[in-house]
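Peer 1: Spelled out from the first residue to the last, the chains are:
2 protein chains.
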Amino acid sequence: MKLLEQMIFEKGEILNGNILKVDSFMNHQIDPELMEKMGEEFAKHFKEKGITKVLTVESSGIAPALMTALKLQVPVVFLKKAKPSTMQDPVCCDVFSYTKNKKTTLCMEKKYLNETDRVLFIDDFLANGEAFKGAENIVKECHAEMVGVGIVIEKAFQKGHEYIVGKGYDLYSLAEIQSFENGKIEFKKG
Amino acid sequence: MKLLEQMIFEKGEILNGNILKVDSFMNHQIDPELMEKMGEEFAKHFKEKGITKVLTVESSGIAPALMTALKLQVPVVFLKKAKPSTMQDPVCCDVFSYTKNKKTTLCMEKKYLNETDRVLFIDDFLANGEAFKGAENIVKECHAEMVGVGIVIEKAFQKGHEYIVGKGYDLYSLAEIQSFENGKIEFKKG
Chain A
1 MKLLEQMIFE KGEILNGNIL KVDSFMNHQI DPELMEKMGE EFAKHFKEKG ITKVLTVESS
61 GIAPALMTAL KLQVPVVFLK KAKPSTMQDP VCCDVFSYTK NKKTTLCMEK KYLNETDRVL
121 FIDDFLANGE AFKGAENIVK ECHAEMVGVG IVIEKAFQKG HEYIVGKGYD LYSLAEIQSF
181 ENGKIEFKKG
Chain B
1 MKLLEQMIFE KGEILNGNIL KVDSFMNHQI DPELMEKMGE EFAKHFKEKG ITKVLTVESS
61 GIAPALMTAL KLQVPVVFLK KAKPSTMQDP VCCDVFSYTK NKKTTLCMEK KYLNETDRVL
121 FIDDFLANGE AFKGAENIVK ECHAEMVGVG IVIEKAFQKG HEYIVGKGYD LYSLAEIQSF
181 ENGKIEFKKG
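Chains A and B are the protein sequences, given in the same order.
Sequence positions in the first sequence follow my numbering and run 1 to 190.
Sequence positions in the second sequence follow my numbering and run 1 to 190.
Think of the hints as simulated: they come from the structure by calculation, not from any bench.
Beta carbons are placed, not taken as given, at the ideal position from N, Cα and C, and that holds for glycine.
There's no promise every hint is true.
[Stated by the list, open to error] Looking from chain A toward chain B, a few residues come up when the C-beta cut is under 7 Å (computed):
#: 1; residue: 15
#: 2; residue: 28
#: 3; residue: 29
#: 4; residue: 31
#: 5; residue: 59
#: 6; residue: 63
#: 7; residue: 86
#: 8; residue: 142
[Claimed, not checked] Derived DSS-like pairs: lysine-lysine, alpha-carbon spacing no greater than 25 Å straight-line:
#: 9; chain 1: A; residue 1: 100; chain 2: B; residue 2: 111
#: 10; chain 1: B; residue 1: 21; chain 2: A; residue 2: 80
#: 11; chain 1: B; residue 1: 11; chain 2: A; residue 2: 111
#: 12; chain 1: B; residue 1: 83; chain 2: A; residue 2: 83
Chain A with its partners taken away, still in its complex shape:
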């Protein structure tokens, strides 16, 4: 997605040589029009998949997931990064965040996915695929089916891509970063 690559190029910041910060349009301040265009793009790609639910992780996944769900006319469920005391029948999964260097527990109320659901997972970033693996386990535990993975920004040089594609999932990333060479972002030629 050209517009997104341009935004990353102009507004993205690289921290410590390997963390890409896109706080000015996605992870802290959000550009709603860009999110709407992303939602349209994901919906266009996955429209023939019979998606019944969009699944994401709070907080930064919510905006692109919501816009995608709006265009696909299905609900979105966001995994919570802790087990709220008001959850009645939680299904949880531990995931490790390399960025934060700590373990997080993702939880969902079990009733929001069942064996009739065809799930599209949407997230802001894909690096090592830890959040995806958590979501994959939760989907499996609910006997639902994961039918697609939509990522806003993929770090194609990390392990997540291989894991997802290797398992046969339809992975669609709006921007694929090949490398951070000398603090400069290189996109995969598409």
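Please build the complex by placing chain B on the supplied structure of chain A, with the hints as guidance.
Peer 2: Same frame as chain A, now just chain B:
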């Protein structure tokens, strides 16, 4: 907003006599079409206010805030419930959550609000107004101006309403709950 009242009536759950759970369409699973209608409603109400930014709190505020910002064609900024290590110039504020019975720190990167900004605060719930007070302080510290407050569900019998209206802010709530009588939700007659 009739549609919202109907959703609360049909799908809301009351926990411990005073906590309203709307997890099936707002706080865990999200109904994107309902969010879009809410965004339209807020945008219609506040359209003459010269809003330049929508401000909310992660995670449940993001969906209604994003839809409102999309309709008003301005960015949305969400306050984070912890100070991320990658924040460069944070402005923070401690708030007390009565639901969770604990203190939370709300933080924002200072550069996202400045003295030219006219801010619309959007949130999912208003009870004692703690989150609003935090946002109010952060807006003040950035020398921006708070010009409106949009709430999805207001518990009109708690202290937040009085605080916000008492300070002269334009408060617009889509559903105003008068009481939970014997586990039944009573809306304010509008």
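Peer 1: Look at each hint and say if it fits the structure.
Peer 2: How the hints compare with the structure:
1. 15: holds (6 Å)
2. 28: holds (6 Å)
3. 29: Holds. Min distance 5 Å.
4. 31: holds (6 Å)
5. 59: Result: holds, 4 Å to nearest chain B Cβ.
6. 63: holds (5 Å)
7. 86: holds (6 Å)
8. 142: With a minimum Cβ separation of about 13 Å from chain B (threshold 7 Å), the hint on residue 142 of chain A is violated.
9. A/100 <-> B/111: It holds: about 23 Å lies between the C-alpha atoms, which stays within 25 Å.
10. B/21 <-> A/80: holds (15 Å)
11. B/11 <-> A/111: holds (14 Å)
12. B/83 <-> A/83: Distance ~20 Å between residue 83 of chain B and residue 83 of chain A Cα, so the pair holds.
Checked against the numbered hints given earlier, the structure breaks only hint 8 and satisfies all the rest.
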